[in-house]
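Please build the complex by placing chain E on the supplied structure of chain W, with the hints as guidance.
Here the protein sequences line up with chains W and E, keeping their order.
Heads up: take any position in the first sequence, counting from 1, add 30, and you land on my numbering.
Heads up: take any position in the second sequence, counting from 1, add 320, and you land on my numbering.
No lab work stands behind these hints: they were computed from the structure.
Incorrect hints may have been included.
Under the rule of at most 20 Å between Cα atoms (straight-line distance), these lysine to aspartate or glutamate pairs were calculated in the DMTMM-like manner [to be verified]:
1) W:LYS285 with W:ASP98
2) W:LYS188 with W:ASP172
3) W:LYS281 with E:ASP562
4) W:LYS281 with W:ASP197
5) W:LYS285 with W:ASP197
6) W:LYS281 with E:ASP545
Footprint (simulated), chain W over chain E, 3 or more residues, beta carbon under 8 Å [said to hold, decoys possible]:
7) 347-360
8) 376-387
Glycine is no exception: its CB is placed at the ideal position from the N, C-alpha and C atoms.
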Amino acid sequence: MAQLRRTRGRAALPYLLLLPALAAELLIHLVPMVVGIVMSFKQLTQFFIRDWSTAPWSGTANYRMAVDFHAPVGQALLNSFWVTCAFTVLSVGLSWLVGSTAAIMMQDAFRGRALLRAAFLLPYALPVFAAVITWSFMFQRDTGLINHVLHDQLHLVKQKPFWLIGDNSFTALLTVSVWRSWPFAFLTLTAGLQNIPRELYEAAAMDGAGVWQQIRRITLPSLRPVNQVLVLVLFLWTFNDFNTPFVLFGKAAPKAADLISIHIYQSSFVTWNFGSGSAMSVLLLLFLLLVTAVYLFATNRRRGADD
Amino acid sequence: MINPPAWFRRLRRLVLLLLTVFTLTPVAVMLSSSLKPLQDVQGPWRWVPSHLTLRPYLDIWTTVPLARYFTNSLIVAGSATGLSVLIAVLAGYAVSRYRFRGRRLFTVTVLSTQMFPGILFLLPLFLLFVNIGNFTGLALYGSRGGLILTYLTFSLPFSIWMLVGYFDSIPRDLDEAAAVDGCGPLRTLAQIVVPAAIPGIVAVAVYAFMTAWGEVLFASVMTNDQTRTLAVGLQGYATQTDVYWNQVMAASLVVSLPVVAGFLLLQRYLVAGLTAGAVK
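Bound-form chain W, shown alone:
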C-alpha cells in the first residue's frame, strides 16, 4: 500500500512542478489570447472598457475593415505590413551577417579578445530605452552627432536631413535595430563555436585547407543548427519589436517606419478602438504562425536530407 502511494505520488510530481509555470502562462498568455480573439469579433470602443463583455458583437466587421485595402484603415495596415516585412528581412539579415562575421573572427584567441567581446555585448546589455534615447539624440537634425559628421565633417550631404520624420526614418530605425540585435547573434554564435572540436580545424589545416575552406567546410556546417534557431528567434523578435520604434518615434511612427506593433498600439490606445486592434493582432499572429510553420518544416526537411 505504501509502495502504491509512493509510485502515485511520483507520477503526480512532474505535474506539481509544472503547476506554477502553467498557471502563470495561462493567466498572462493563454487566457488573454482567447479573450483577444473574442474581442476581435466585438465592437469594442472606450465606452465598454469597464466591462468589455457587454460590448455588442460585430461579427467579422473588424476583420473586413482591416483587410479592405481600398479604405484608409486597410491601406495603412497594408503599408505597415510591408514596412515591417522589409525592416525585418534587412535587420535580421544584417544582424546575422555582422554577428557571424564577428563571432568567426573572434573564435581564435588574440590579445584583447575578452575586452572586445565585453564591448560588443554592450548594446545587448544596455536597457532598450536608455540606448534608443541616445540614438534619438544622435539623430536630432540640428544638435545630433550623425548630421554633424555627415554635413559638417565629411560634407557628404548639402543640407542636414531629418532622420526621425519622413523617409529617412526607415534607415534610422534599421540602424538602431541592427545595432541592438547583432550582439545577440554574436553571443549565440560564440557559444555555438565553442562546441566545435579544435581537432577538426587541425585536421583540415593539415590537409592544406585555407581560411575560406575551414569556414565553409567546418564552421558553417557545425553552426547550422544554431543558425536555424537563431534566425527564427531574431525574426520573431524583430517582427514584433515595439520598444525600438516606440522610444525612437513615440506613439505615432512616420509612415516609412510604421512597424506593425506600433500601428496596432496606435489604433487601439490612441484612437481607442480595441476591437479593430484585436483583429489586427489576430491576423498578425496567424501570419507569424504560418511563417514559423513553413520555416520549421523547411529546415527540418533539409536536416533530414543531410542525415
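Okay, now just chain E, sitting in the frame of chain W:
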C-alpha cells in the same frame, strides 16, 4: 581556425575596429553629453564638452522623480526575476528528469508563446486587469504586482528551455546516487541539481532581469504616476518643450549601470549557459 594568414589578420583588425566604433559610439555620446553644460547639447554637436560639469547628474533627481522610478524598476524587475527563476527551475527539472504524458505539449505550448506579439495580449490583459479590479478590488492594473506577474512570464519560456538543456547536461548518475542515499526528488533538486546548474541559473536570472528592466510596452500602459518604471519615466523628458539632453544622457547612464555591470560580471556564465542550454 589554424594559423590564419596575414591578410586575414589585417582584415580582422579592420572589421573589428569598424564594429567597435559602431558599437561604442552611442556609449561615448552618452558619457560625453552627460558631462556637458546645457548650451553644449542645445547647439551643434561637439565631441568634447566646453567645460566638464556634474550638474546633470545632480539635476536628474529633481527634474523627474527618478529615484521613485528607480525604486519601482528595482522592485518590479527583482521580484519578476526571483519568481521567474524559481518557477523555471521547477518546470525545467520536471521536463528534464521525468517522462510524463503531455511533456512535449507543455514544451511546445510554452515555447510558442514566445512568438506571440506582445501587442496581442496587451489589450486583453489590460482589460482583464481592469475587470478583475472592478470585481474583486484587487489592484492589478496600475500596480507593481500586475507588472511583476506580467514580466515573470516574459522570460519564462526562454528560461525553461535553457534550463532543460542545462539540466540535461548534468549526469543523472548524480541524481541516482542521491536517491540511493535516501534523498527525495525535491532534495535532490535543491542539493544536487541546482548547485551543479548555477551557471545556467545565473544566465537565466540575468536574462530575466534585463527583460524586465528594459520593457517599455506594458510599462507604458499598465502603470500610473506612482508605479511608473524607468522605461516610461525617462520618456517624460522627451515631452518637455526643451529637451535637457545632458540630463537625459546622465539619467540613461545611471539607469544602465546596474544591468551593464551585472551583465559584464556574469557574461562568462551567459556564454556557458547558452553553450550548454540553448545551443545544443
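Hint by hint, here is what the structure shows:
no., hint, result
1, W:LYS285 with W:ASP98, "holds, 19 Å"
2, W:LYS188 with W:ASP172, "holds, 14 Å"
3, W:LYS281 with E:ASP562, "holds, 19 Å"
4, W:LYS281 with W:ASP197, "holds, 17 Å"
5, W:LYS285 with W:ASP197, "holds, 8 Å"
6, W:LYS281 with E:ASP545, "holds, 19 Å"
7, 347-360, "holds (count 4)"
8, 376-387, "violated (count 0)"
Checked against the numbered hints listed earlier, the structure breaks hint 8 alone; every other hint is satisfied.
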